[in-house]
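The chain contents come next:
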Amino acid sequence: MVDWGEAFEVFFVGFGGVVTCLVILQACIIIFSKIASGNEKTGENKNNG
Amino acid sequence: MSIEIVAPMPGIVAEVLVDIGDEVSTDQELIFIEAMKMEIPICSTSDGKVKEIKVKEKDKVEADQILIVLG
Amino acid sequence: MWIIGITLITLAIRKKYEPLLLVPIGFGMLIINIPLSDLMKEGHLLWVFYHFTIDRWDILPPLIFIGIGAMTDFGPLIANPKTLLLGAAAQFGVYMTFFGSLLLGFNLHEAASIGIIGGADGPTTIFLTSQLASHLLGATVVAAYSYMALVPIIQPPIMRLLTTKEERKIRMKKLRNVSKLEKVGFPLLATLIICLLVPNAAPLIGMLMVGNLFRECGVVERLSKTAQNELINIVTIFLGLCIGATMPAEVFLKPQTLYIFFLGLVAFCFSTASGLLLAKFMNLFLKDKINPLIGAAGVSAVPMAARVAQTVAMKEDKHNFILMQAMGPNVAGTIGTATAAGLFITMLIK
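The listed protein sequences derive, respectively, from chains B, L and R.
Just so we're aligned: 38 in this note's numbering is position 38 of the first sequence, and the numbers increase by one with no gaps anywhere.
Just so we're aligned: 55 in this note's numbering is position 55 of the second sequence, and the numbers increase by one with no gaps anywhere.
Just so we're aligned: 232 in this note's numbering is position 232 of the third sequence, and the numbers increase by one with no gaps anywhere.
Wrong hints could be hidden among the right ones.
Straight-line Cα separation of at most 30 Å, DSSO-like style, residue types lysine-lysine; simulated pairs [stated by the list, open to error]:
#1 R:Lys15 with L:Lys58
#2 R:Lys315 with L:Lys54
#3 R:Lys280 with L:Lys58
#4 R:Lys280 with L:Lys37
Covered stretches of chain B (in silico footprint by chain R; criterion: 3 or more residues with CB under 8 Å from a CB of chain R, positions within the stretch not fixed) [said to hold, decoys possible]:
#5 2-16
#6 26-34
Calculated directly from the structure, the hints in this document are not laboratory data.
Beta carbons are placed, not taken as given, at the ideal position from N, Cα and C, and that holds for glycine.
Build the full structure now, drawing on both the sequences and the hints.
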C-alpha cells in the first residue's frame, strides 16, 4: 500500500521547496541587479578616468 | 515619410526576401531572422516601397537595429 | 525490441526527433537485445560504462549540465526575474503526475521518477531515476526525450484552450540589457542559494552554474567551448548508449512501460497548463502584463518550448515577438526541475 502521509509530505515539502527556492532566488537577483547597476555607474567613471 | 523595420531581438539574418524598389504590403514577410535556432519572419508594419536594405544574409543583428527602410 | 530500437533511430533520422540522443539510445536498445552479445553482463563493455558512470556514481547527467550551463544565456531570466515563478509553477505537473503514478500502483520512488518527466529535462530525469528506481530508467528517459521532441505538437492545443485571443496578442516590453557583472554574478548567486537550501540539488545546479560561469566570465573561453561542444558530445554518446542498454526486452516490454508513457504525457500537459495559469494569475496584479504563452515555456525543454510560445503568439499577431521573453521561464524551468529532483532525493533517500 502507498503511504499517503509520506506522499503528501513529499508533495508539500517538494513543491513548496521548489517555489520557496525560486522566490528567494528571484528576490536576490532583484537586489543584486540593483546593487550591480549602482556599481556599474561608479565603475564606469573609474574606467574612464 | 519613411518607416523603419527593426530587429525585434538579437540574431542572425537568415534570408532577405525583398529587393530595393519592391512594393510591399502590411504583414508581408520581409526578412527571416534566426534566433535560438528558429527562423522568425519579420513582417512589414505598413504598405510601401522598399527604399533601403541595411543588412545582408548572415549578418549579426542586435535588437532594435534597423533592417529595412520603407519609403 | 529490435523494432522499437530501429523505430527510434528512424524517427530521429527522418523526423529529427532529438537525434543526438535517440540515435545512440535506439542503437543501444538494438545491440543489447541481440542474444549472446552480452554487452551488459558484469565486466562487459556497456555494463562498465553504465555501472560506473550512471548506476553507481551518477556522474554523466551532471557532466551534461556543465555543457548546458555553458550553452545557456540566463540574460532573459536576469532581466525579468518574475519569470522564475513561472518556471516554478510548471513543476506542479511533476507533483500531479507523482500522485497519478501512486494511484496507478507505483511506489514512492518510482512515482517520483515518473513525475520528473514533466520537467522535460532529460539529464535530470536520468539523474533522479537512476538513484530512485533504476529499473525504470529506460522507459522514463525514452518517454522524456520523445515528449520533448513532441512539445510542438502537445503544447499548442493546451495553450489555445487556456488563453483567449486577446491574451495571446499581449505584447511584452523589450528586455533590458543585462550587464556583464550581473551575468557573472548570477551563477554564483544561484549556486549559493539553491545549494544552501537544497544540498542534494548541488550536483546538478553546481555543474549547471559552473558551466555558465565559464561562459559568462569571459576569460576561459577554451573551457566554455569545450563544455559546449566536445564535453557534452562525448558524454551524450555514452549516456545514450548506456540508456539504450538498460532496456532488454524482459524489462521494457511490460504494461508498466505503457503506464509510464501515459503518465509522462499527463505530466507534460499539467506542467504546460500550470505555467499558463500562473501567468494569467500574475497578470491580475502586474502593470506590465505578461503574455501567458510564455508561462507554457516553463517546462524546460530548452529552447523548444520557447519556440513554441513564439510560434503560437505569431499566429495571432505577426508583429508579436516573445521568443526572448519566453527564454526566461524556459531556463528557469531547468533550474526548477533540478531543484525538484534534489528535493525528491532529500525526501526519499534516507
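Evaluation of the provided hints:
Between Lys15 of chain R and Lys58 of chain L, the direct Cα distance comes to roughly 26 Å. Compliance with the 30 Å bound is thereby established for this hinted pair. Taking the CA atoms of Lys315 of chain R and Lys54 of chain L, the gap is near 27 Å; set against the 30 Å cutoff, the hint holds. Between Lys280 of chain R and Lys58 of chain L the CA atoms are separated by roughly 38 Å; this puts the pair beyond 30 Å, and the hint is violated. Between Lys280 of chain R and Lys37 of chain L, the direct Cα distance comes to roughly 28 Å. Compliance with the 30 Å bound is thereby established for this hinted pair.
Coverage of a stretch by a chain is defined here by at least three residues with a beta carbon nearer than 8 Å to that chain's beta carbons; for the segment 2-16 of chain B and chain R the count is 11, and the condition holds. Only residues whose C-beta sits within less than 8 Å of a C-beta in chain R count toward coverage, and the segment 26-34 of chain B has 6 of them, enough to reach three; the restraint holds.
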